[in-house]
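If you read the sequences in order, they're chains S and F.
Residues 125 to 405, numbered by the working numbering, are exactly what the first sequence covers, in order.
Residues 1496 to 1871, numbered by the working numbering, are exactly what the second sequence covers, in order.
Be aware that a few hints might be false.
As the list claims (entries may be wrong) - Simulated crosslink set (DMTMM-like; lysine to aspartate or glutamate; CA at most 25 Å straight-line): (1) S:K254 x F:D1675; (2) F:K1589 x S:E365; (3) S:K254 x F:D1793; (4) F:K1589 x S:E163; (5) F:K1806 x F:D1761; (6) F:K1657 x F:E1744; (7) F:K1657 x S:E163; (8) F:K1674 x S:E269; (9) F:K1657 x F:D1629; (10) F:K1810 x F:D1629; (11) S:K254 x F:E1744; (12) S:K254 x F:E1548; (13) F:K1833 x F:D1577; (14) F:K1810 x F:D1577; (15) F:K1571 x F:E1560; (16) F:K1657 x F:D1761; (17) F:K1845 x F:E1830; (18) F:K1589 x F:D1793; (19) F:K1657 x S:D255.
Calculated directly from the structure, the hints in this document are not laboratory data.
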Amino acid sequence: MISRRSHLTYWMLIAPALFVMVVFYIWPLLNIFLISVNEPATGFDNYIRAAESSAVRTSFVITFRVAVETTLFCVVLGYIVAYGVTHAAPGIRPLMLALVLLPFWVSVLIRSFSWIVLLGRSGVVNDTLKDIGLISSPLRLMHNELGVIIAMVHVMLPFAVLPMLANMRGIDRSYVDAARGLGASEWTAFWQVYVPQTKPGIFSATLLVFVLSLGFFITPALLGGGRVLMISQYITYQIQEFLNWGLGSALSVVLLIATALVLVGAARFVNLKATLLERSK
Amino acid sequence: MHDTSDRALKADLIEIAAHRTKQGILSRRGFLTALGALGILPILDGKALAAKEIVVVNWGGRASEVLQEVLGDTYKAATGIDVVIDGSGPSAGKIRAMVESGAVVWDICDSGAGSAIILTQAGMIEPINYDIVDKSKVLEDAIYSHGVGNYTYSYVLASNPKLLGGNTPKNWVDVWNVKDFPGMRTFRKSVRGMLESATMAQGVAPGDVYEVLGTQDGINAAIDKFRQLRDNIIVWGSGSESQNLFLQEEVAIGNIWSTRAFVLKDDMPEGSFDVTFEGGVIAPGIWVVPKGNPAGADEAMKFIAHGQDPKLQVKWLEMIGSGPISPEAAPLVPEELKKWNPSDPENLAKQIFYNDVWYGANQTAAEELYVDALIN
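Same shape as in the complex, but just chain F (with noise of 0.2 Å):
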């Protein structure tokens, strides 16, 4: 039969009843009772029964559709067992109060590296198993004890030649040369993958750049090439405000998303839009399991094997632009669209990959003096 209880609904009612529980207000037994109340508890003993779906969490809009059609559409075909994707957005704090109510509605999430080692302490997810999921699928960075990578995305180099009257800036010190490249950039209103870009632009390798930001000294310095761009800077707060600023031509350059990038590239006039992933900073999406989730954890661990498939990965980069996490997947990536693969080899040697523990450190800090650099 098909279920058509909203979802979506139904999370954020257990997230607030398990809220209310935490704090007491709620007893374990009037939880259970409130939630059979509102119909829910029915759905949560899958697990009693074999597998008949599987419930994949994302953060919605276009890139839950990709996930319905690319891997949702093609488990069904293979498996039989449906697959619901539910665009409520999995957050950590979302995943924990779940798992800590007991009512876990989620088999598989798609999460990130930072909030993956959070919930890995907390004992909120379950240990993936490599002997279903395939490492050598996975590049390596991307590969944890309670989660691992599904996708990839970058931090990138992104100019308008038009604008810049044809030169495009090679590096993160082009970027910096107002001289030689006039015109506004765009920098993300966080701190995540911005530090990076402004420590290279002082010519520090990329190699070194967490190390050089490990000391306070090497933050001062990266916050300080801020300060003195600043004049040319207009922030992006959402991948959509970085994707306007470049179509209504308000900036000639920018560090975004490469998937936003992949969309501006078919979006802008032609000549009008160039990227180089040379000093980006790449990232993988995180797939984690809920601890206690209703398919079983060998449910999830199949549907996460299946989604190594390179021909899948491909397709989903051709859809939108998320890089193949399979390293067996870049030759299969058609001629034209490699330049902006962000897991090809060629782009893969000129990045970093994102460092969530220099994150999970050293991120507070470092956005209040990046706020202060940028209005005072």
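The following block holds chain S by itself, in its conformation from the complex (with noise of 0.2 Å):
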């Protein structure tokens, strides 16, 4: 049992950090709500107009559909990786690892300008294919959703891996060894006994990388052509063009609360807390 004594001391111990969530997170977003049900004037007349406007619905259907994209192909991706990375020879894990790690310590906008010069029309990708025959007039990287995708699975690509990672060198090889043993095929091994145990890897990795696409900014802003026009980039633009504080703040909200709504949606399914803060067992 805890004595009084020692639950002072836990409390003294993360008071710091609430204190910083409180004052730079909680106070901002609630002056956020209140902007939004404020501006230009008092009542939900923001929540109402974003509600009709199709150019809203538009792109929040965007910003949902990319992000679902982004996240099948990181989490298929992020999976094949993980399991390589735990399964290789161990003099070679940790130089594995740090490639992984590597894309962390360079700017997301380095990144994504990194891509425009290779998926252009006159870029990297389209020379080169055109240099050894195989199209004739270069094709459309771009300034549409497929260059959206390709960079955004590229920079969300560490935060699949490294869940699943956790997940996976905390798995004993006897099991499969086990399967392997009483007759299984690799494969039945592999699909029935192994990937089971990964299945905590995967909803968080899910979860991270769909909640993290949700916001995104820098790289559809950069490679969508203006035409994938996701959610944060539409606040942005009420803001900066318009000064339409009101609206950007309401949509804002929204934004938090879809959020919300899928959390919430995926605990149904699993379990949200042995996903996100046991996932290495």
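Bring the two chains, given one by one in their own frames, into a single complex with the hints.
Okay, structure coming up:
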């Protein structure tokens, strides 16, 4: 049993973090909500306007579609990478891990600009394909949803790899060995014994990538050609071009609620606490 | 003595202080005390002394350097008065905050007709003294009671003939003809200067554009044109973005600023860039003088009059592509640059003037429809 004294100690330990959260996160968030119902007039006009606007609806659809697509690719590719790193020879593992982590140290802006250099009409990819005679006229690889997805998968991949990697490293090889020993084929042993044990990793990777993708801004702004208008860009547009803080704030609140709903929905199917807090088990 | 104070910072501080005064957080007396504490007040009483310097504010970047060289240095040489160029962006909101707080540090601002109209109605700017400023040296559409044109720029049809098999679109109807002119187009992220082109693409005569756009049907028809073309559209947000889209050959055609086209003509390989002013939309930059400016209204008017010298305006064009506002300047433009001058008589005849009254009434609603047409 925990004594009252140690209770106090625990509270004091989390107090600084709590303070930072309240001052720099909860408080501004409350203000955003207040702006959304107070500008230009008190009431829910901004929310009604947002609900009635077909541009806002489309932007939300685009946002969720791009987030789902990004998550799908990230989890599939990330699973393969995590599996590869976990089962590689011990000597090469640190190098592989470093390669996964390396992109984290390069700013998203620079990574997105690099994709412009690669995917442009006269970019590296198109020029190479033309030189080896595979295509006669350049492919449209960016300034559309394809470009956004390619670059976003690249940016988000580490977020998918790391939780799955942590999960896989905690899995005891002997279960699969036992299944093999009992006569299961390599595929059956993997699919029926290994994969179920990696579910917590898959779930946390999915949630992490999906939620981060919903609020993504830089990459779609640079590679979307203005037509893959995700909701975060729409918010910036309202605030910067039209000084429309009310509508911009209302849309932020809606995005927050939508994200929360996704988490609540996910909680019906998976144990969120286990997924997010005890993923390495 | 040379004043080395950071004006951008001070203007920003004033803006904050003025905002708080308006909210009632800071009393007016507290506001003046705050300014005194910041060391800003001493530079505010320039009015009491004879004008020793004039602060001209524009939007920064290369344009600030050009303004300093073309107008600032020559004014100093002619009058002995220092000209300080401040590139911090004189938005209508900032000018208003400054005048309302009574702490004006700007003498002359590079504004637009839309802002000038709003600021005039709010009583925030000085009337232009047309005894000092010469009306005959300004294009007629750029003369306002409280603001006067300083240069021009246009929304123009630019294209890359190399990507179009040597073909160049001659007008907006061609731009919407994807069959004969395949490839991507770029339009601005805002409706400014864009709806006009979509209206002309329907065969409307340039002179009737704003009349057609005056009805909801006219706006819807223009929006619909963008809906039809959108699979071929990449949107530009800033001037540099539009420039990059052409440089990287991402687009074959675009509706871009003539000032950017002026830069592109030198940066693009020979034969891969062309511009026509056919169906272009020309807009003037507008000088405004904040009410109670430190150097005094007359001093500001004298500076504006100095900038009316056609020779200086031609120099301005040569350096940065801004078109002269003075009709007298056109003949002085070097032959090879005439094609790129928005206010060249030949180009002027092909264009319409940007209608700020229409934008004041319709822009917000139209923007929403425009975004919807592009993404939905």
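Verification of the hints:
This hinted pair checks out: K254 (chain S) and D1675 (chain F) have alpha carbons roughly 24 Å apart, not beyond 25 Å. For the hint pairing K1589 (chain F) with E365 (chain S), the CA-to-CA distance comes to about 16 Å; that is within 25 Å, so the pair holds. With a CA separation close to 65 Å, the supplied pair K254 (chain S) and D1793 (chain F) exceeds the 25 Å bound. Between K1589 (chain F) and E163 (chain S), the direct Cα distance comes to roughly 20 Å. Compliance with the 25 Å bound is thereby established for this hinted pair.
A hinted pair counts as satisfied when its Cα atoms are at most 25 Å apart, and K1806 (chain F) with D1761 (chain F) qualifies at roughly 23 Å. Only pairs whose Cα atoms come within 25 Å are accepted, and K1657 (chain F) paired with E1744 (chain F) is accepted, the gap being roughly 10 Å. The straight-line distance between the Cα atoms of K1657 (chain F) and E163 (chain S) is roughly 50 Å, outside the 25 Å bound, and the hint therefore fails. Only pairs whose Cα atoms come within 25 Å are accepted, and K1674 (chain F) paired with E269 (chain S) is accepted, the gap being roughly 24 Å.
Simply put, K1657 (chain F) and D1629 (chain F) have alpha-carbon atoms about 45 Å apart, too far for the 25 Å limit, and the pair is violated. Straight-line distance between C-alpha atoms of K1810 (chain F) and D1629 (chain F) comes to about 19 Å, which keeps the hinted pair within the 25 Å bound. Taking the CA atoms of K254 (chain S) and E1744 (chain F), the gap is near 16 Å; set against the 25 Å cutoff, the hint holds. At most 25 Å may separate the alpha-carbon atoms for a hinted pair to count; K254 (chain S) and E1548 (chain F) exceed this at roughly 60 Å.
A distance of roughly 33 Å separates the Cα atoms of K1833 (chain F) and D1577 (chain F); the hinted pair therefore is violated under the 25 Å criterion. Our distance criterion of 25 Å between C-alpha atoms is met by K1810 (chain F) and D1577 (chain F), whose separation comes to about 20 Å. At most 25 Å may separate the alpha-carbon atoms for a hinted pair to count; K1571 (chain F) and E1560 (chain F) meet this at roughly 15 Å. For the given pair, K1657 (chain F) sits about 16 Å from D1761 (chain F) by alpha-carbon distance, which is consistent with the 25 Å threshold.
A hinted pair counts as satisfied when its Cα atoms are at most 25 Å apart, and K1845 (chain F) with E1830 (chain F) qualifies at roughly 19 Å. For a cut-off of 25 Å, the pair hint linking K1589 (chain F) to D1793 (chain F) stands: about 22 Å separates their Cα positions. Between K1657 (chain F) and D255 (chain S), the direct Cα distance comes to roughly 19 Å. Compliance with the 25 Å bound is thereby established for this hinted pair.
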